[in-house]
Amino acid sequence: MLRGVDKFYTEHNTYPGEYDVEPDIVKLKSCISKLSSEWGCTGLNKDDYLHEICRYGGSELHAVSAFMGGCAAQEIIKILTRQYTPMHNYCLTQACMHCNNSTLPCRTIVCTMR
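For the sequence shown, the positions run 39 to 152 when our numbering is used.
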């Protein structure tokens, strides 16, 4: 699905749902259909998923946004209270399974703290 969003962005220079949700659902569906036919995958075009992707219009996913906000808040508290050592350089998290393990390969988020 997220690769389809990337393809949508390269074709239309905007993220799906950024301006109009309903027309972008059809365009996103065609982008994902093209990718799934290239890769030989089926069953990727669930309308609920497409509508949700277009509804948030290029902003971060809700769970990922909440996680990033929590990480930032925790690091700020560490700095202000001077009780713990802040994170050094980066944190790797795997957003598919919601676990903090750098060995899992799917959609890894790198948070750089400088």
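Each hint should be verified, as a subset may be incorrect.
[Unchecked claim] Keeping only pairs whose Cα atoms sit at most 30 Å apart, straight-line, the calculated DSS-like set for lysine-lysine is:
1. LYS67 / LYS84
2. LYS65 / LYS45
3. LYS65 / LYS84
4. LYS116 / LYS72
5. LYS45 / LYS67
6. LYS84 / LYS116
7. LYS84 / LYS72
Hint data in this document are derived by calculation from the structure and do not stem from the laboratory.
(request) Quick one: which hint numbers does this structure break? Sort them smallest to largest. (result) Violated: hints 4 and 6.
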